[in-house]
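Enquirer: What follows is each chain in one-letter form.
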Amino acid sequence: GDSVTQMEGPVTLSEEAFLTINCTYTATGYPSLFWYVQYPGEGLQLLLKATKADDKGSNKGFEATYRKETTSFHLEKGSVQVSDSAVYFCALSPTGNQFYFGTGTSLTVIP
Amino acid sequence: EAGVTQFPSHSVIEKGQTVTLRCDPISGHDNLYWYRRVMGKEIKFLLHFVKESKQDESGMPNNRFLAERTGGTYSTLKVQPAELEDSGVYFCASSQARGRVGYTFGSGTRLTVV
Chain L
178 GDSVTQMEGP VTLSEEAFLT INCTYTATGY PSLFWYVQYP GEGLQLLLKA TKADDKGSNK
238 GFEATYRKET TSFHLEKGSV QVSDSAVYFC ALSPTGNQFY FGTGTSLTVI P
Chain E
4 EAGVTQFPSH SVIEKGQTVT LRCDPISGHD NLYWYRRVMG KEIKFLLHFV KESKQDESGM
64 PNNRFLAERT GGTYSTLKVQ PAELEDSGVY FCASSQARGR VGYTFGSGTR LTVV
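Chain order of the listed sequences is L and E.
First residue of the first sequence? That's 178 in this note's numbering, and the numbers climb one at a time after it.
First residue of the second sequence? That's 4 in this note's numbering, and the numbers climb one at a time after it.
Next up, chain L with everything else stripped away, as it sits in the complex (with noise of 0.2 angstroms):
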């Protein structure tokens, strides 16, 4: 069945350092790809998305890049802030009506 793997965590990183979060899945057909991002606090939220192969989905310095050939979908960064500190959820959604979610990065910036 369809699901998503994800790099566990929690991870901890200086402030201006360079983050790559591991995400992988398994599906039939051609799903859609996001990274969900969840502050302290608050809900969910859509981070960035990729509809199809070779597609990179961008948000807020994050970047994320669609790998059919290599069932892979990581979260990138240049530069971490403290604000960014938050728990990141690969998932994926092959019809649109049921998201697949992964375990969930907790991530930790520090100044």
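It is worth saying that the hints were derived from the structure and are not from the lab.
Warning: the hint list may mix true and false statements.
Distance condition first, Cα-Cα at most 25 angstroms in a straight line; then the derived PhoX-like pairs of lysine-lysine [as the list claims (entries may be wrong)]:
1. L/K229 x L/K245
2. E/K18 x E/K47
3. E/K47 x L/K229
4. E/K81 x E/K44
5. L/K245 x E/K47
6. E/K57 x E/K81
Examples of chain E residues toward chain L, derived with CB under 7 angstroms [unchecked claim]:
7. E45
8. I46
9. F48
10. S110
Counterexamples of contact, computed for chain L against chain E with all Cβ distances above 12 angstroms [unchecked claim]:
11. T189
12. L196
13. G218
14. K245
15. D261
16. V286
Think of the CB as a built atom: it goes at the ideal place given N, C-alpha and C, for glycine as much as any other residue.
Please build the complex by placing chain E on the supplied structure of chain L, with the hints as guidance.
Expert: Okay, now just chain E, sitting in the frame of chain L:
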């Protein structure tokens, strides 16, 4: 516009008690979804309403869980009787139409069963 609202934000109940969670979707959103994250694991789909009808309830864990959406507006998720393993964060989401653009999620209800 107002977002998806869930309450309570936190609930602590004893094993065997009943708890009802409520979700108010964005006005006009026909699709409403419930998800659950248990003990730091992945967020899992529970069910999907289209207006007042259950479109897909394949993720409901057992018959102790009952979801309703009377009138196609807000939804409730009742757990009766609650067990320890029901502890987790329950998220609600809504969308105007099917599609891959992503839902709008609420901030979740943290349920602790002791």
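Enquirer: Does each hint hold? Answer for all of them.
Expert: Now for the hints, and whether the structure bears them out:
Note on L/K229 and L/K245: the hinted pairing holds, with a Cα-Cα distance of about 9 angstroms set against a maximum of 25 angstroms. As the CA atoms of E/K18 and E/K47 are separated by approximately 22 angstroms, the hinted pair is consistent with the 25 angstroms bound. Between E/K47 and L/K229 the CA atoms are separated by roughly 23 angstroms; this keeps the pair inside 25 angstroms, and the hint holds. Distance hint between E/K81 and E/K44 is fulfilled; the C-alpha atoms sit about 22 angstroms from each other, no more than 25 angstroms.
Pair hint L/K245 plus E/K47 holds up; C-alpha atoms about 24 angstroms apart against a cutoff of 25 angstroms. Proposed proximity of E/K57 and E/K81 is supported: the alpha carbons are some 15 angstroms apart, at most 25 angstroms. Interface hint status for E/E45: upheld, as the beta-carbon distance to the closest one in chain L is roughly 5 angstroms, under 7 angstroms. The closest approach between the C-beta of E/I46 and any C-beta of chain L is roughly 4 angstroms, which is under the 7 angstroms cut-off, so the hint is satisfied.
Hint status for E/F48 relative to chain L: holds, with the closest Cβ pair at about 5 angstroms, below 7 angstroms. With 7 angstroms as the threshold, the beta carbon of E/S110 comes within range of chain L, its nearest partner Cβ sitting at about 4 angstroms, so the hint holds. No Cβ of chain E approaches the Cβ of L/T189 within 12 angstroms, the least distance being about 17 angstroms, so the stated non-interface status holds. Residue-level check passed: L/L196 sits 20 angstroms from the nearest beta carbon of chain E, beyond 12 angstroms.
Its beta-carbon lying about 7 angstroms from the closest one in chain E, L/G218 breaks the requirement of being farther than 12 angstroms from that chain. The Cβ of L/K245 sits about 16 angstroms from the closest Cβ of chain E, beyond the 12 angstroms cut-off, so the non-interface label holds. Taking the minimum C-beta to C-beta distance to chain E, about 19 angstroms, the non-interface status of L/D261 holds against the 12 angstroms cut. Even its closest Cβ contact with chain E, about 20 angstroms, leaves L/V286 beyond 12 angstroms, as expected for a residue assigned away from the interface.
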